[in-house]
Structures are given as structure tokens and as C-alpha cells.
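A.B. asks: Sequence:
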Amino acid sequence: MGTRRLTGEEKTLSVILTATYSIQHVQRQMEASLKLAPLEIILVSAAHLLGELPDSIAACCSVHGVDQLESPFSARAIGAAQARGDILLFLGEDRFYPVSSLQRFLFPLHYQQVDLMFSEEVVRERGRQRAEPVRGISQLLNEAYGHPEWREASLVNTPHAFAKKVLSKIPAEELAHPAQAFRKLFPSGILIRTMPLESLQEWVPFQPELLGACLSELSVWEQAVIEEQVAAFSCLPFRGGLEDGQRKREVAEQYAQQRGQTPLHQVRQWGKWPLRSTKRYGEDRLSVIIPACNEERTIGNVLREVLQLAPAEIIVVVNGSSDQTARIAQEHGVTTVEIAEPLGVDTGRAVGASLARGDILLFVDADFVIPAMDLYPFVRACQHRVEVALNDQRRFLSGVSSRDGVLTARQALNAAINRKGLGPGSMLVVPFALRRESFAPIGWQLLVCPPKAQAAAALAGLDIRLVHEVDSFARNRIRPDKNLAASGRSLAFQQILGDHIEAFQLLAESGVKIWKQNVKAGW
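Counting along the sequence shown from 1, when you hit position 354 you're at 354 in the UniProt record's numbering, and nothing is skipped either side.
Just so you know, the hints here were simulated from the structure itself, not pulled from any lab data.
Listed next, with one range per pair, are the computed distances between beta-carbon atoms: (1) Arg249 <-> Lys184: 28 to 38 Å; (2) Pro187 <-> Tyr111: 18 to 28 Å; (3) Glu31 <-> Gln246: 52 to 62 Å.
For each residue, glycine too, the CB sits at the ideal point set by N, CA and C.
Given the sequences, and given the hints that come with them, work out the whole structure.
C.D. replies: Following this line, the structure appears as C-alpha cells:
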């Protein structure tokens with residue numbers, strides 16, 4: 001089978017192949033593997049598939065049949081335990097790679113003292129599918145581990161390869177849970193490298209049982225990846241130890257607990273709490289919540305547009321302001337809550353939502369103006385029983401790299417909550433709207449962390465939809481102290497990544513495998 005003759009310090013190679021649902025990919029993977037002149041090829045297959053394995057292939061490898069594979073990763077652990085080579089190469093069931101690319105991939109392990117090699121998916125923004133959402137979960141974990149340079153590198157993805165001595169750091173059986181295995185492995189001092197690899201586009205394995213899915217549906221493979229990765233988040237410190245945007249979470253908790261009462265004593269409040277009479281939305285009443293801090297230049301124009309919606313109430317939560325924002329809001333006759341201290345990112349939304357009395361809650365920011373005609377669709381969607389109405393920014397983000405950390409995190413979370421069709425849709429982005437009866441039981445205090453609120457809404461089975469396009473991405477004002485950094489990650493970037501880690505930690509803590517549920521809204 002093309003056994004390599006050893007000369008000097010030359011290292012031997014074991015290739016591990018797996019077959020979970022189909023044997024069709026094995027022959028081509030075998031042909032490529034033989035050209036690498038391995039010491040051995042190990043095939044770990046579901047036992048019921050072995051009858052389909054041609055004798056010519058079986059003669060070229062060591063075959064291990066398994067009656068029941070718990071996950072697509074279990075077979076790798078079995079193969080690793082049997083391997084005798086100095087280097088172990090794992091090839092997957094989803095892609096084929098040129099032999100020359102695999103040879104280049106293995107070179108650092110043979111000759112450069114590298115211990116672990118990860119492949120990095122080559123993503124072309126045009127003419128090819130962009131990065132897969134589930135790969136973004138690995139990227140988020142690597143950010144939390146303090147290694148953004150690893151991008152989506154993970155033992156979950158193939159191909160990957162490592163020196164056999166790596167198995168002295170973790171037992172082979174732990175590879176059945178690759179995300180947890182990697183979490184234990186990377187602090188051990190091994191040398192890790194990544195390398196871009198582009199698969200053969202003209203040859204794609206036909207694996208409908210493992211990989212088949214509609215556009216907004218999760219495949220069996222994606223479900224397995226999500227399950228592995230979500231468990232890893234539970235082992236991280238809260239939010240991965242990242243920036244929290246100076247949020248006063250305790251204030252949001254206080255307001256949520258005093259639901260239906262007058263504002264807390266330490267705030268100043270103007271305006272009438274009884275709802276205005278309006279019939280525009282039938283039996284539904286609209287509340288608009290606007291947090292504001294030093295927005296005297298824009299708040300008047302923001303209110304001008306919002307007032308055209310004929311809401312039952314507008315609540316402006318002015319916090320930490322030293323300018324005339326509160327006075328301008330009062331002059332417009334809207335309910336104004338003034339809190340002397342800054343509440344931090346997103347906390348004003350949670351406070352305003354706790355005070356709101358309407359059936360539909362629309363959230364708008366005070367630092368840029370959105371025309372009333374662009375706000376109305378969010379209200380209309382909730383009027384028609386959509387429970388979380390989100391801004392569809394996909395068209396405006398088409399020029400942003402699919403490797404962008406924030407974009408990747410948003411897509412990864414939506415995949416994990418079984419709402420892959422939402423793409424980068426997020427409660428981080430205004431405008432968005434909620435139905436009170438649906439979200440109130442979850443807890444308004446969760447709005448301090450929008451991705452966590454979105455995950456909680458999905459866990460509760462709420463109908464979450466993209467309902468209208470507003471280019472708030474271009475309208476957002478750049479704040480140098482938050483959005484820019486001389487080196488490393490900006491405070492805003494850290495805060496958003498921390499928000500998504502917090503959301504994944506909620507998924508892990510809930511114990512609900514939402515990614516395996518048949519979610520109607522996902523279609």
C-alpha cells in the first residue's frame with residue numbers, strides 16, 4: 001500500500017478516514033491518501049456500511065467497523081487510538097483536497113517541529129459560498145482563548161494533523177469531543193500553525209444524510225458541530241472575561257423587578273405615564289423606547305420621525321447627559337426619564353422597556369435619524385404577531401469581509417439558536433421591535449445584552465424574523481474611544497464579542513439543544 005521507507009529522521013504518516021452515513025467518498029480519499037505514501041490508512045466506518053466497501057479499497061487500509069457512532073467525531077477518536085505513525089492526518093467526509101495541497105499542509109509537521117496543523121478555509125467573497133456560520137463558533141472561541149490569529153481553527157474541522165506526541169497531552173478517546181479536547185490541548189505548550197487550503201470545487205462528496213440541508217436548515221453535521229462547541233463555552237469565565245460596556249446591570253434589574261410602578265426615586269421624570277389614545281394599530285398600543293446620552297444635536301429630529309407613528313407613548317431614557325437632551329425631549333411632550341449616572345451600553349433600553357405599557361415596543365437610538373416610513377414595518381410586523389422583528393442588514397454588509405469578527409459572531413449565534421436564515425440579523429442593531437406579551441416573561445433586564453436576549457427569545461420559541469432593511473450600519477457614529485484602538489481589539493469589539501460569548505453560555509447553561517429542534521421559523 002505504498003509504505004514509506006524510513007531514512008534518517010524521516011517521519012511516518014497515518015491517515016485516518018471516516019464513514020458515518022455513506023461510503024461513496026472513501027475511494028477518492030483513499031486515492032489521495034496513497035499518494036502521500038503513508039505507513040497506514042485507517043478507515044473507521046459505521047458497521048452497516050462495510051458491505052458496500054469494495055474489496056480493492058479494503059485491501060489498502062485497516063478497516064474498523066463500529067455498530068453505533070455517537071457523533072461524526074467518534075470515529076476519529078477510534079482511528080487515533082489505532083494509529084502507529086509519527087504524524088496523524090484526519091481527512092473528513094465533506095471535501096476533497098489536491099494531493100499537492102495535502103503535501104504542503106504536512107510539510108511543517110515533517111520538517112519544522114510543528115506539533116499541530118489546522119486548515120483554514122479559503123473563502124472567496126465572489127463566485128463561491130462565503131464562510132460557513134458554524135465555523136464562526138470556532139473563531140469566537142479562539143478570540144476568547146486570546147488567539148484571534150487561529151481564526152476558525154479547530155479539531156472539529158478537517159483536514160487537521162498532529163504529531164503523535166500530542167496524544168501524550170490528551171488521550172485519543174477525548175478526540176470524540178474535539179472542542180473540549182482542543183480547550184485542554186492549546187495551553188500545553190504545543191506549537192500550532194494554520195494554513196489556508198482550498199478544496200476541489202469540481203469534486204464535492206454527495207453526503208445528503210450528513211450534510212444535506214435547506215438554506216435556513218441545520219444539517220446533521222452542523223448540529224454536531226454546534227453541540228460540541230456550545231459545551232466549550234461553559235468552561236470559559238463569564239463573557240470570556242471581555243469588556244462589558246460599563247453596564248449598570250443592577251439598575252436594569254431594579255427596574256425589571258418594579259414592573260408597573262412609578263420610576264425609582266433617584267431619577268427625574270417628566271411627562272404623563274397614562275397612554276395616549278390612538279387607534280392606528282387597532283387593539284395594539286405602541287411604545288417607543290429611546291435611550292440617550294448627550295444627543296442634543298439629534299434627539300429633536302429623532303422624535304419628529306417617531307411622533308409620526310402615533311405611538312401611545314414615547315419613553316426617552318436620558319442617562320449620564322451633561323447637555324440639553326432631557327430638556328429637548330421634555331419640550332416634545334414625551335415621557336422623559338433622567339438618570340444622572342451613565343447606564344452603559346444597552347442598559348437604557350432595558351430600563352425603558354421595564355417602564356413601557358404598550359403591546360408593541362419599538363427600540364430606536366437617539367444618535368441618528370431613521371425616517372418614520374422605515375420604522376413603521378417593524379411595528380406592522382409585530383402587529384401581525386411577529387414576536388421579535390429585526391433589521392435585515394445583509395444587503396448593506398455585502399462589502400464586509402465574511403471573516404469580520406462581529407459579523408461572524410452574529411451569524412454563528414443565529415446558527416446555534418437554529419435560526420440560520422437570520423444571517424447576521426441581531427438585536428444589537430436598531431431599529432427592532434418586540435411584542436410585550438411574548439418577551440416580558442423572559443425578562444426585560446436581558447436587553448442589557450442583546451445577543452443573550454436573542455438567544456433567550458429563541459429558547460422560549462418566539463417567532464424571530466427579519467422584516468425590513470435599514471442601513472443603520474452607515475448611520476452609526478464612530479466613537480474613537482470605543483470603536484478605535486491603537487493596538488489589539490477596540491472596546492466596542494471586545495464588548496460585542498463578550499455579548500456573544502454570554503449568549504452561548506446561556507445556551508450551554510440551559511441544557512436545551514435548540515439546534516436539534518424542528519423550528520418552523522427557521523424555514
